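Colleague: Following UniProt numbering from start to finish, the sequence shown increments by one per residue and tops out at 374.
Do not take every clue at face value.
Unchecked claim - Derived Cβ-Cβ restraints for the label pairs, each shown as a range: (1) G62 with D176: 34 to 44 Å; (2) H136 with P36: 41 to 51 Å; (3) D297 with N45: 39 to 49 Å; (4) K14 with E119: 14 to 24 Å; (5) G346 with G70: 39 to 49 Å; (6) A20 with M342: 22 to 32 Å.
By construction, these hints were calculated from the structure, which means they are not laboratory data. The structure presented is a predicted model; accordingly, all values stated were derived computationally and were not measured. Heads up, the beta-carbon is just placed ideally off N, CA and C, and yes, glycines get one too.
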Amino acid sequence: MGLETKPLSTLHEKASYEVADFEVPTGREEEWRFTPLRRLRGLHNGTAEANGKILVEVDAPGEVTVETVGRDDERLGKAYVPADRVSAQAWSAFTEAVVVTVPKETEVAAPVVIRRRGESVEGASYGHTTIVVERHARATVVLSHRGSATYADNVEFVVGDGASLSVISLQDWADDAVHVSHQHARLGRDARFVSHNISLGGDLVRISPSVAYTAPGGDAELYGVYFADGGQHLEHRLLVDHTGPHCRSRVDYRGALQDQDAHAVWIGDVIIRAEAEGTDTYELNRNLVLTDGTRVDSVPNLEILTGEVAGAGHASASGRLDDDHLFYLQARGIPADEAKRMVVRGFLGQLIERIEVEDVRVKVEEAIEAELSR
């Protein structure tokens, strides 16, 4: 599999399965300028020893097929072509992949849960996951990441015509973990895709969700919640590639930061191609800065190649807690620290309450409370 180029886009010009087709990042490239490369432990330049270990467990209802397959399985790599060197390295280096299939016209009541747990940061691990939701099926998938690891992976979501998939990806790593992941969804006609990315743990976490449409009527909603502590680097780089007419997308990512050298990065890229008439899209990123010494980089991008759009917009805002909100609460007898926590809970809670799986939602709420209590 060689080089493939996505035409007519200055935001994402190259895609390939071959590692050699990508230059080793220096940090001066647009796609790498916010990422501290020295903290990637060699995932970006090929020096990482591929001898790490990730334990994988899958819980799925009986009507769902779960398989562990070799890299020669023809279903792998059909929906996604790597778009940077780390993603290509993950494609080249994984040995086994998890394939989950939801049969056509099946509505799965309980979520499919894929747990990955790292045992050590010594040595790199690579993975691949393919989720196929066939025509007119409905399912929810939870991706859980815990433990210590140096890990890079690619995740493909193939959502068939009239199908619906909700994905919750929880990055709850130990403090020493490094995780670089691409999560790509390909939507069929009238397909619906909802994604929740929650990044709380890890030393460096870089998640790149992307969506592409293959037919009219696709609908994608991408939500994200993150909380960065001192020294943590949490990065989310989104791409919504409107490749077909009359499709919709909504993006809403919100984060909070506290303590010295906490760093959050959000890049939101939306491409509306010439053939994507009638596109309706909007992306939003908001950040709450709770203490001095933090850093936020937030960059929304729109590349519009047709004048026939239903709507297109973006917004980004980063700032401290609103003094008026705090004054209002304190004037009613609420102590200052509790008033701050209430504002943050409300700010992040608007997205947390959208998480459909109750035990995951509760776990995230408890994790946010633990962060705030610090």
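Colleague: For the pair G346 and G70, does the Cβ-Cβ distance stay inside 39 to 49 Å?
Modeller: 48 Å, holds
Colleague: I want to verify a distance hint. Is the separation of the beta carbons of G62 and D176 within 34 to 44 Å?
Modeller: 38 Å, holds
Colleague: If I claimed the Cβ atoms of A20 and M342 lie 22 to 32 Å apart, would that claim hold in this structure?
Modeller: 53 Å, violated
Colleague: Evaluate the given range 39 to 49 Å for the C-beta pair formed by D297 and N45.
Modeller: The hinted range 39 to 49 Å is violated for D297 and N45, with Cβ atoms some 23 Å apart.
Colleague: Is the gap between the beta carbons of K14 and E119 within 14 to 24 Å?
Modeller: Because 34 Å falls outside the window, the suggested range is violated.
Colleague: A range of 41 to 51 Å was offered for this pair. Does it hold for the Cβ distance of H136 and P36?
Modeller: 45 Å, holds
Hint check: violations occur at hints 3, 4 and 6; the rest are consistent with the structure.
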